[in-house]
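Given two chains presented individually in distinct reference frames, assemble the corresponding complex, making use of the accompanying hints.
Here is how the chains run, residue by residue.
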Amino acid sequence: MSFAGWPARALPADAPNPWFSWHYIQQNADQILTYLQFHFVTTIEAVAAAMIVAIPLAVLCYWVKPLAAPILALSGVLYTIPSLALFAFLAPFVGVGVTTILIGLVLYALLLMIQNTLTGLRQVPEEVRDAARGMGYGRVGMLWHVELPLALPGIVTGIRLATVSTVALLTVGVIVGQGGLGQLIFSGLHTNLNKAAILTGTVLCVALGLALDLVIAGIGRLVTPWARRRVAS
Amino acid sequence: MNFIHAAILWLNDPLNWTNPNGILDDLREHLVITALSLLVASAIALPIGIWFGHSGRGGGVTVAFSNMTRAIPTYALLAVIYVAGITGIGAESAVPALAIFGIPPILANAYTGIRQVDPEVRDAARGMGMSGLQMLGRVELPLAVPYIAAGIRTAAVQIVATATLAALVAGGGLGDIIYAGFGLTIAVGGGQILAGGILVALLALLVNGVLGIVVYYVTPKPLRAQRRSRRRARRLAAEAA
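Sequence order for the protein chains is A and B.
Sequential numbering of the first sequence, starting at 1, is according to this note's numbering.
Sequential numbering of the second sequence, starting at 1001, is according to this note's numbering.
This is chain B alone, in the form it adopts within the complex (with noise of 0.2 Å):
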C-alpha cells in the first residue's frame, strides 16, 4: 500500500532516468511536441488574432471557435488525427491537434490586446500621420505585448500539460510513464504511475512559473508600472471606502 514509497522508489533508480524511452527521453519528447505545438499554434493565431483586433472584426469568430474547441476532447481529437494518417504514427502524430487545443488563447489575447488599446492613442497616432500598418506596429501592437504574451503563456500550459494524453493515442512523451504503469496494474505499476503523475504535474506548474516570469519581462516597463500602480490605486480605493 506504500505507493509513495514505490514512486521515491522509482524515481531514484538512475536506469528509469537514462534507460532507452527512460524519463529523459520521454522528457525530451514531450518538449519537442509541446514547442512544435505551440509554434504551429502562433503561427496560425497571432497574425489572425493581430488582424481582427486591428479591424475590430472576428470577435464572433474568436469566441465560437473557442467555445466549439471546447466541446471537443482532447483524447478524441488526437485519435481522430492519428487515424486520419495525416501526420506521422509517432509522437509527432499529437501535434495538430495539440495546436488546435493551443489556438484560442493566443487568437483570444491577441484580439483583445489590440482593442484594448485607448481610442484617444489611436486617435493621436492617426493625428501624427501613422498609416493603418504604421500604427499596429508601433502602437497597437507594443501596447498589446503583455495580452499577447500572456495569451502564449495559457496556450503553453494548456498544450505542454495535453501532450501528456499522445501517450494514450500514439505514444511518447511523459505519459508514457503513467500509461505504462496502469498497464502493469496498479498493484505492480502503482509507484510508477504516481511517479509519472509527479513528473507530468511538475513540468506543467514548471513551465507555468517559468512562463509566468517571462512575460513579466517581455512586459514593457511603463505597462508594468502602470499595471502596479493601478493595483496600487485599487487598493486605495478599497481603503477609502
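Next up, chain A with everything else stripped away, as it sits in the complex (with noise of 0.2 Å):
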C-alpha cells in the first residue's frame, strides 16, 4: 500500500469516471471476491470470538451484581476509543495483520453484546425464576435451562447490533492493510480517484451488515419459537 500522501483531486478533464462499472467490476471480480471473503470470515471469527468473552462476562454481571458497574464501564470506555487509536495501541505490540484487527473488533463487539446479553437477563420474570427454583433447579441449572434461553432475544440483538457494527468498522483496518473491502475503497482512493472502486466497496460493504443482520435475525426467530406464538395470539 502507499502512503504518498492523501489523494489529489486533480484529474484529466476527460478521463471517465463513472460511479458504477460493470468493466470496473468485471476487470476485479477476483480481487473484490477475496476481499468480500476476507471481510465476511474475519467478521465472523471477531464476532463469534466476542461473544465467547460477552456471554460468560454478563452471566458474571447477572450473579455478581457489584461487578456489573465496573465492567460496563470499563466495555463503555473501551467503546469511547476512537478505532484508529486502539488498532494504532495493538499494532506496535501485536504488529500489522489480521490479529490487530481482530483484537480491536472484539473489544467493540464486547459493550454491545454484554449490555444486551444482561438486559435480556434481567427481563427473566422474577416469577419464572421462582418456579424453577421451586422445581428444584440449581443456580447453573436454571441459567442453562431458564435464564439463558429466556435472554435469547436480548443475546440475538446484541449480536445483531455487533455484527453490523463490526462489518463497518473493519473497513478502518486498511491502516494496516487489512481493511477486507475497505481496501477497494483504499485503492480508489489512491488511484486516481476511481469512484467505480469505492462505490463498489461501500455497497458491498453495506449489503453484507444487511445480509449478516437478516441471517442473524432469522436465526433468533427460529431459535424463539414461543416469541414468534405470542405475538400470533
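These aren't lab readings, by the way, just hints derived from the structure by calculation.
Take the hints with a grain of salt, since some may be wrong.
Stated by the list, open to error - These stretches of chain B come out as covered by chain A in the derived footprint (C-beta under 8 Å, 3 or more residues): (1) 1028-1040; (2) 1056-1066; (3) 1099-1108; (4) 1187-1198.
To be verified - Facing chain B, according to a computed beta carbon distance under 7 Å, are these residues of chain A, among others: (5) L60; (6) G76; (7) L78; (8) A85; (9) F89; (10) P92; (11) V94; (12) V172; (13) T191; (14) G209.
We treat Cβ as the ideally placed atom computed from N, Cα and C, and that holds for glycine.
Given below as C-alpha cells:
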C-alpha cells in the first residue's frame, strides 16, 4: 500500500470516472471476491470470539451484581476510544496483521453484547425464576435451562448490533492493510479517485452488513419459537 | 521494541507540538471539524426530533435511520463524499459525513425526551389552556432537556472519535499523526503511532467526561433530584426485596 500522502483531486478533464462500472467489476472480480470473503470470515471470527467472552461476562454481571457497574464502565470506556486509536495501540505490539484488527473488533463488540445479554437476563420474570427454583433447579441449571433461553431475544439483538457495526468498522483496517472491502475504497482513493472502486466497496459493505443482520435475525426467530407464538396469538 | 518509550519521547519533543501541522494544529483542526459537524447535525436533528416527539409521529423513521447509518462504514461515506466533491478538498470535506453519523443519537434522544413526558402533565397543560406550541415550549422541552443534552453528548463523542478517520481520506485532525506514523512503518513510526493513539483516545475520553458534567448542570435541578431519588427508591426497593 502507498502512503504517498493524500489523494489529489486533479483528474484529466476527459478521463471517464463513472460511479458504477461493470467493466471495473469484471476486471477486478477476483480481487473483489477475495476481499468480500475476507470481510465475511473476519466478521464471523470477531463476532464469535466476542460472544465467547461477552456472554460469560454478562452472566458474571448478572450473578455478582457489584461487578456489573465496573465491567460495563470499562467496556464503555473501550467503546469510547476511536477505532483508529485502538488499532494504533495494538499495531506496535501485535504487528500489522489480521490479529490486530480482530482484537480491536472483539473489544468493540463486547459492550454491545454484554449490555444486551444482561438486559435479556434481567428481563426474566421473577415468577419464572421462582417456579424454576421450586422445581429444584440450581443456579447453573436455572441459567442454562431457564434464564439463558429466555434471554435469547436480548442476546440475538446484541449479536445483530455487534455484527453490523463490526462489518462497518472492519474497513478501518485499511490502516494496517487489512480492511477487507475497505481496501477497495482505499485503492479507489489512491488510484486517481476511482469512483467505481469506492462505490463498489461501499455498496458491498452495506449489503454484507444487512445480509448478515437478516440471517442472524432469522436464526433468532428459529431458536425462539415461543416469542413468535406469543406475537401470533 | 520499546514503543512506549518512543511514544513518550515523541510527545516530549516541543517541536512535535508547535510545528506547522504539529499536534496543536491538528488538535485545532480536529476540534473545528467536530464543532462544525455537531452544529450541522444538531441543526438538522433537533427540530425534526422535537417535532416528531411533539406530534407522536416518526418513531419508525427515527429507528430506521439510525439502523441504516449503523450499516454504513464511516470510512466509506467519508470517501464517497470526498470524491463526489460536494465540499472542499481539505479537512472540512469530512463535515457532511460526520454530521450524518451525529444525527441518529440527537434525533432519537430528542424524540424520546419529548415522548416520555407524562401524559397527565400534558393533559394538565392543555387544561390550563396552553396551545400546542406553548405546551412544547413551556412543558415538553424543559422536561426533555436531560434527554436532548444526553443525545448531543453522545453525538459529540461519536463525532470527535470518528473525526480521526478524516485523516484516512483527505487529511486533517489528530488522525494525521497516526496515519503518518503508519506511513513511516511500525519499526520507525511505532512511537508516533502510539503517541497519536494516546492523544486521540484522551481527547475522546475528555470530551465524554466534560460533556457529562455539562449535561448534569444543564439538567434543571428538580429533574436532577428526581433522578437521584428514583435511584434511591430503587436501591431501597432492592434492599427490601
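Discussion item. Hint compliance check: list the failing hint numbers for this structure, sorted ascending.
Written reply: 1, 2, 3, 5, 6, 7, 11 and 13
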